[in-house]
Structures are given as structure tokens and as C-alpha cells.
Amino acid sequence: MQRRSSLPNLGIGIGLRIPHYEDIFTQQPNIDWFEIISENFMVDGGKPLENLHRILERYPVVQHGVSLAIGSPDPLDFEYLKQLKALTKITKTPWVSDHLCWGRLPGAHYHDLLPLPYTKEVINYVAERARIVQDYLELPFALENLSSYVAFRKDEMTEWEFYSAVVEKADIFMMLDVNNIYVSSRNHGFDPKEYYTNIPLDRVIQIHLAGHSDYDAYVLDTHDNYVRDEVWKIYADVYPLTGGVSTLLEWDDKFISFQDTWDEALKAKQFQQDIHQRHPHLAKAGLQELCK
Amino acid sequence: MTYDAKVPTLLKREQQWFGGIIGRPIDEDSRMNPIAPSGEPMEIEAADHIAPSPTLRPAQRIQIYNQQYWWRLLNTLHDSFPMLTRLFGYYDFNKTIGIPYLVKNPPHHWSLNLLGDHLLQWLEGCYHAKDKKLVCNAAHLDWAFSHSFVAGQRPPITVEQLSNAEEREQILSQTIYLQPHIHLFQMEHHLFNFRNEFLKENPEYWLTNDFPKLERDKTYLFILYRNAKKDISWKEISLGEYHLLSFFKQGATIENACDWLEKQDDTLCEEATNNLQLWFQEWSQRGWLSLSPSLTPAL
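First to last, the protein sequences are chains A and B.
Once you know that position 270 of the first sequence is 270 in my numbering, the rest is easy, because the numbers rise by one and skip nothing.
Once you know that position 179 of the second sequence is 1179 in my numbering, the rest is easy, because the numbers rise by one and skip nothing.
Everything labelled a hint here was simulated from the structure, so no lab data went into it.
Glycine residues also receive a C-beta, built at the ideal position from the N, C-alpha and C atoms.
Treat the hints loosely; a few may be bogus.
Away from chain B, derived, C-beta distances all over 12 angstroms, residues of chain A [as the list claims (entries may be wrong)]: (1) P60; (2) P75; (3) P140; (4) D171; (5) P200; (6) D229; (7) Q270.
Below are the DSS-like pairs computed for lysine-lysine, each with C-alpha atoms no more than 27 angstroms apart in a straight line [to be verified]: (8) A:K89 with B:K1230; (9) B:K1132 with B:K1230; (10) B:K1006 with A:K82; (11) B:K1006 with A:K85; (12) A:K89 with B:K1229; (13) B:K1012 with A:K120.
The following block holds chain A by itself, in its conformation from the complex (with noise of 0.2 angstroms):
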């Protein structure tokens, strides 16, 4: 099995975003490490490499993609893949992520996060692909847990058993969304904690932190608010059994200014110091001492 420990915690982070370029190289704030969004900067030229490498020369930059699409059903794209591994030599990037979805058939691309069938069959074939694309990347690969508006008649299991199933036959990373996990449990009626407490937490190597849409009947996963009580609790209970992991907020729409932003990220350290000081020992032991 991969090991957790050789990969950093790189402390607590933000999504980088155009509007807030301005700020941040003016300012340069002093910002642990920044997530981008992998396939913005897959491009022949132009400003946006520019802009990254000018983000690069002060801050850890960590690579998250969306275009993946590791659940399709048409082969691997390995002209994608091809990009997306020349990206990270640049950005030096110590781990890659993508989401456990689909998104494409042949000849059509959706343009989103579709969630699979928990079913045996599709844990075999998507770890299969998750291994080759881990391989291929020579970097350690994580999958993010979806936020999600159906579950199919065939289900054989929950998100959580599905989810694990794949990260550990396939042997890779888990990136929790701890929104997700509540905008899931939302719309699809179970309990948060029956999903994080059963699931390896020991593979987690990134937290996803970010804002959702309560639209009552159903919730939506906007990135476009501030995180709610609800999620922050998910991750004060999180953060601890995984032994302390990167922890990053994610603002993609109805943007707020980049010191709000920034603001509203270090809540999370507000949790982690409040953790350490209550249950100094979690944070060393994480979920395997507890299980003991």
C-alpha cells in the first residue's frame, strides 16, 4: 500500500482564481500553497501559463482536474493524460487529483462531474483505469468524492463502500470533499458521519472544503458561498482522524474579494488549533491509533 506519510501537509490553501490574481501578485500574501484547476492551464500559450509560472516562483501549487472523466466508458484519453503529466513537471505538483465520475461517451464530452452505479463491476473497471492513470502519471493520484443529485435502481452499495473499494484497489489517494459529503447526505438522506467513519481515512491526502446552494427539496454544490456550520462541523470532526492533511477552500462563482476569501480559508486553521489544543494526541495517531 502507498504511504501517506511521505506526501506534505502543505497547511491550508485556496483555489486559484482569476479574480484574485491581481491581489495576489500585488500583495503577495502570504498563502501556504494555491490548488489550480489543472485544465485551465493545459493551453498551447498565452496568459495563463504566464500567470502560473509568476504564482509558481513564490507558492506550492497542487494540480486538480475535472476533465478526467475516469468512470467513462470510452477509452482513457491519453493525449489528455499526456498534457496533464508535461503540467506537472512544471508546477512540480506533489500529487494529482481528479473526481470519481464519468462525463463522456464517444464523441461527447458533458462537461461535468456525472456520478456511476455502485456496483463490483464498475469498482473493477475504475480502479483499473485509476491504477494506469497513477502509473502513468509516476505521481501519487487521488480521487474526489462527488457531490450528487441521483443514485441508480442498481446500486449494490453506499457512496462510502463504493468510494472506498476503488481508492484501495486501486491502490491510490483519497481527496475528501467534506461539502460533498454533506450536500450528498442531503440529497440522498443518510447520515454524514456513517460516510466519513467508514471510510480508509488514512488514504485521505487533501481536504476539500468550499460553499453549497440549499434549494430545501435538494442541495447544490455552488462553490459560490461561504462554507456552512454544517460542513465545518463534518471537518472539526474530520481533520483530526486524519492525522492532519492540506485543507483547501474552493470559490469558484459569485466571487468575494481575495482577502474575504482568504478570510474565510483560515477558519480552517481556527478548527485544526482548537483540535490540537482539545485532543493533542489525534492529530499524531489519526484514525488507525483510534481504532486500536
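Given chain A's structure and the hints, the job is docking chain B onto it.
Leaving out everything else, chain B in the frame of chain A:
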């Protein structure tokens, strides 16, 4: 041949069904088509594939993905074609251009940057209103801005190369190419100024306000390019510059270009003869010319 895993039959079946549903247009109230492609009511067919949630029926659940698909793609077109979107307003743009275009040209690549790469072609074939010329020019210009922003770069001919007699001699006989980020325009109106003004307000504003003045007193020739700071810029150019740069856009030697110029009317030939050296100096300083058809790898 690349090794890959075998697709489970059930997965493939569910994905084909799912994709077939969410790719169909939503109506004006953002509702899903109530009849499935099979002819069955969606309420019944969706229940065969999707489980209900505590609050939503199966058809309501998949409708969320149907809406997300269309909203995302239409928003991308609004971003890629800001002038075109303002000419119509969001509602008419979606109805007249966005949805019909995407039905005929669904996304074919992982990059959303390429979503509109067939829009001009589609407009030329399928849009027949009186303002077709303006609409096509607007789409062309919007697309050029988007394309230029992320276009590749060829190794440029430098001023130093041009000032070295031996190298200059070699360059004379070699094929010259323009940088891929350069676009040339010949228009009956000053659409660049119009676009600048137009983009200062959002599309809703222009539904109830007069459009900016569109100058149209001559034939306008423009070059759109990426400057040294990697920002998109443009300027008006002369007829001689337009023709020569058009040659190099296709790939041509200086000799080819001069041969062509000699056959043109005296005014054009004289303009080119008098300015050729200055033009080449400027174009080289700006890094617009290259001896290579291949791009410098960006990644």
C-alpha cells in the same frame, strides 16, 4: 495499442441512457423534455434507472443534471462570445444561436475553450437574418479574442536576425509564418471600437438602451494580436500591411509576396515598396513573424 479496462455492460447501458437524457435541450422554463427519447413518459422511464430521494422523484433528480449541462454550456458560449451575446441578449442568444448550435455541435473535446470553434461556420450555414454579416463578423471577432488568449507561439524572427546580412539573406528565401495568435480582419464597420463600448455593460443593459455608435464610413482593416505582456491588442493597418500579413498567415516567402505586389496597382505597390523595411522591423520587434510552422512547446 493502449491497455485499458473492459467496460461493464450495465455501466455502459446506464451511461448511454443518462447521456441521452441530459444532452436534450431544456425548455424556456428550464424544464426537461417530459417524453424520453424512447417515447415513454420521463416520469416512468426515469424510475426504471434512478431511485427517488426523500424529497425528489427520479425524473426531478435527473432534471438537475439536464439543467446543469445546458446552463454550463450556454454560460461558456456567453463568455466566449460576449459581443454576440450582447447583440441578442441572453434569451434570444440562447434560443436563436446557443441551443441550436449546441444541438448540432455538442462538445467534442475536454476543453471548454473549444466549445465555440464551429460557431462561425454554423452561423454562415444556418443563420439567415438580414444582419447576418454583422452577426458573423461579431462571432469571428469574439472567437479571435478567445483563441488569441491561449494560442501557441512559434519561435519568432528577431530584430538581430534581420540586422545580420547573412541571416537576412537566408530569411528572404524561406517561408515565413505569422504567430498563431494573430488574426486579420477586413470589415465594413469599426467593430473593434463598437465591441469595446459594448462590453462595458452587461447584456441586460443593452436590452433597454441604444447600442453604441457603429462607425461604417470605409473599409476597415485590423490586426488582432497578443502583445509582449500577453494581453490581447488590436490596431488598424493599411491595405499593404493587410495583404502582406495575409500572405504570411498562410505561409509565404518574401519573394512570393513581392511578386504578388508587383502585379497590383501602383498605389499599393508604392506603399509597400516605401514601407516594407519599416513594416518588417515593426513586425519583428513585435515577434509576429516566424520561420517555423511548428509551435514552441508550452508544456
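Which hint numbers doesn't this structure obey? Per hint list: 2 and 9 violated.
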